Amino acid sequence: MSVPDTVHSLWTVAASSTTQTIPTPHIEYGQLSPMLAVFGAAALGILAEAFLPRRNRYWAQIGIAMAGLVGAFVAVVVLAAQGYAGTKAHLAAMGAVAVDGPSLFLQGTIVLIAVVSVLGFAERHLEPRSSTGAPVDAFAPQAATVPGSDAEKSAARSGFATTEVFPLTMFAVGGMLLFPAASDLLTMFVALEVFSLPLYLLCALARRRRLLSQEAAVKYFLLGAFSSAFFLFGLALIYGYAGTVSIGGIADVVSGTATPTPALANTTANDALLLIGLAMLGVGLLFKVGAVPFHAWTPDVYQGAPTPVTGFMASATKVAAFGATLRLLYAAFPGVTWDWRPVLWGVAILTMVVGAIIAVTQTDVKRLLAYSSIAHAGFILTGVIAMNKAGVSAVLFYLGAYSFVTLGAFAVVTLVRDAGGEATHLSRWAGLGRRSPLVAATFALFLLAFAGIPLTSGFAGKFAVFQAAASSGATPLVIVGVLSSAVAAFFYIRVIVLMFFSDPRPDGPTVAVPSAFTATAIALGVLVTLGLGILPQYFLHLADQASVFVR
Amino acid sequence: MNAYAPILVLGALAAAFAIGSVAMAALTGPKRYNRAKLDAYECGIEPTPQPVGGGRFPIKYYLTAMLFIVFDIEIVFLYPWAVSFDSLGIFGLVEMVLFIATVFVAYAYVWRRGGLEWD
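These protein sequence lines are chains G and R, in that order. With the first letter of the first sequence counted as 1, position 105 gets the number 105 in this note's numbering; the numbers rise by one all the way through. With the first letter of the second sequence counted as 1, position 1 gets the number 552 in this note's numbering; the numbers rise by one all the way through.
One chain only, chain R, in its complex shape:
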């Protein structure tokens, strides 16, 4: 049980921080409402009014979000490799270069096809 105590403490701290921040903001923050702040929160599109039949909306936001995920996942793989870089030896290096090269292929494609331009 003792081994789990730090986890419990961490959980308690996290909960306290979350609840405390919300409470603190509600108590001390200035309240200057405007239209945008009162709107329903929706990623990338105007939530209201809904056009008939759903309408068309730009997918730029989703594209950016997906690109972020791709590179984020790449980083997730790079970190543990970077930490134990020397113990994996030449094999790890080769595999990592191959991995980065394949992700770079996708990156080059996105760049050339204008996926990185907002407008």
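For reference, chain G alone in the conformation it holds in the complex:
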């Protein structure tokens, strides 16, 4: 527009009519590349789902997902090699995302978990072929339909396919990569939602036992939404207290090193906002890790969700949620350690004891593993409570070790089948070791790793967290931990005894021969379990190097 530079007697034209530029934010795309690769793969997967003919989608989706994950892993390794895990650690995207040791370590772990999970999702040899001869996987094309009904047939005709699980998984993985790296609470909340929503959907997609699966999804969704609301409300209260949502800013206000402003003078004098806000954030995070008393959803959801999804959820969600918990407690709230530590003591003791004791009474393999995962959340919490560098590295190591054992164990569960699908009732597993020694031995290895027997990754992980906790003076916690480990060992070993020392039932389940996908997934699980068990030093050292947060 042209500006007349005339000066009227009553008014004058404003002198500066040139466009003002708003300072644009600076985004380091290179440092965000792990997440961008995964989200890119997710978007590409959606397009493939929309435009590719149905027969090509399966392989295309696997290819896209794997390409995205491998790209993300390469990006993580390159960033770590460039020193972002150590000296160059900093905040990217205007302070929203921390690129530091714990972020990169956890992102690498989550990407590897996702690779193994995608292998499990791609399995199409276990289910009998459909009436049209098409291979079938563990998922329902349209979860709301009755199996075999006309509605399902028409859904299949109109192009509903189960390959949507791959883009959904990619979105979940993307959110999980962002969650432990989020360096302000709002980004953290967005990441929480981004990875939770696809998980709710994936839970509902089981081909077999659909009502159980839908029940699981509804329970997970309702309780998950509830806990997200807690997290969000806590976030609001913390913002009210500190006047900022950035982790570093909050830490400064909490420890009193921030320059006092008149606006904050009233709120920072009042610890109630801080403590209630922190407690509510804690509820949101402890729900996601499945700690007692926020564990009630775990057994139902783990049992009802399709087993490959359960494995993914049990491992990757825990890694992401513990990563965020660590960052929150270690980077944002170290100033109130004496306030949150006693509470977490109680939560950790409850989690270990309740998880281990209730697991003893379980008769379903998936529920057993669910309660075992609750007990393991308690063990990991002892490492979190340590509040020192050893604690961070022990938790990082434990998460990596535990995830691959979990993935392997749930992958084995998908193999043991009868006419009704997976035979998850424990009594059906009796004598499995006589019929299929290899599968039973593999499962036994995973159970021993859960129990923490030496030469498995579980032992190295438990040793690391308990050592970290003991070094910080939490000896009673370690004693409770060791005792509940002993209780837990009882029911793991009971399953092994059941598999190897009882007679097989004549109508017992058969062990299906998987495709190369599940076989690779289980082999990777075994490899990591033994590798981290026999040579833990290298990985402990890696976790140790990656244990400093940036804020």
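Simulated from the structure, these hints should not be mistaken for laboratory data.
List of simulated lysine-lysine pairs, DSBU-like, C-alpha gap at most 35 Å:
1) G:K219 <-> G:K153
2) G:K219 <-> R:K611
3) G:K389 <-> G:K88
4) R:K611 <-> R:K582
5) R:K611 <-> G:K153
6) R:K588 <-> R:K611
All figures in this text were calculated on a predicted structure; none of them were measured in a lab.
Once you have looked at the hints, place chain R on chain G.
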């Protein structure tokens, strides 16, 4: 206090308009009742009679409503950007194109999967 006076006036106008419209409709509107007008209001489904166990009902309405929300939110982001388009420079343009592209991915998916067909 003076700064808030326009807000109060606006609130009063809004309240007056709402109450006035309802009152006006009640006083002057023709009253020709039929069955549909007397039914309980429910989005997308027949409110009565309720089938046993909830029954099945089409989710087309909800799908349309959710699509509307997605595009509505997109517009919410587009407006402020359009207003200060020139002051955000090339960065704003790139980010907005990326944003629209991602929403378009979802749109393409919905279109190909028949989400835009009513029947």
